[in-house]
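Could you put together the complete structure from these sequences and hints?
Counted the way the numbering used here counts, the sequence shown spans residues 1 to 144.
No wet-lab data here; the hints were simulated from the structure. All values derive from a computational prediction rather than experimental measurement. Some hints here could point you the wrong way.
[Stated by the list, open to error] Beta-carbon label-pair distances, calculated as ranges: (1) Arg-89 <-> Glu-45: 31 to 39 Å; (2) Trp-71 <-> Ser-43: 26 to 34 Å; (3) His-117 <-> Ser-72: 19 to 27 Å; (4) Val-82 <-> Asp-20: 38 to 46 Å; (5) Gly-129 <-> Gly-47: 32 to 40 Å.
Cβ atoms here follow ideal geometry from the backbone N, Cα and C, with glycine treated the same way.
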Amino acid sequence: MPDTTAFVHAIRQAHQPFFDAVLRGQVWLSAVVACELYAGTRSAEEGRLLDRLLHGAAARDRLLVPSVEDWSAAGRLLARRVRLSGTLRPRDHLADVLIVVSAARVGGEILTANRAHLETWANLARRSGMNVTVGRGEPSAWGG
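This is how it looks when you write it as structure tokens:
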């Protein structure tokens, strides 16, 4: 499952095989990632592309929306990290933690350009019994 950094790379590179993989349901799209992408759109054209990707993923049951359990687990992971590491602003990490927890629900791997950051959360999630991994990869390697 690509995170926001991976989608941004694909959008900026206009990587059609990656978009096709999303539309065919070969790639999960996190609703949290979609929100971050919409917030960062630079043009109406990017917004329309996101609309197509979001609706395509949803039509193939590949839109990963955080459940009540995911929200609860994210809150618990944030609280645990505060206890372990001290000062932390949970709101600065909520999106990443929701992405990790949602990916864990489907036993997924998160592909990102920011592996070190997400790996911290994935390690904490695994210690809590969740099944999630983080990999580094470029969208050109997926679905093409």
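Cross-check of the supplied hints:
1. Separated by about 34 Å at the C-beta atoms, Arg-89 and Glu-45 satisfy the suggested range of 31 to 39 Å.
2. The supplied range of 26 to 34 Å is met by Trp-71 and Ser-43, whose beta-carbon atoms lie about 32 Å from each other.
3. With their beta carbons about 22 Å apart, His-117 and Ser-72 fall inside the hinted range of 19 to 27 Å.
4. About 41 Å separates the C-beta atoms of Val-82 and Asp-20, a value consistent with the hinted range of 38 to 46 Å.
5. A hinted range of 32 to 40 Å holds for the C-beta pair Gly-129 and Gly-47, which are about 38 Å apart.
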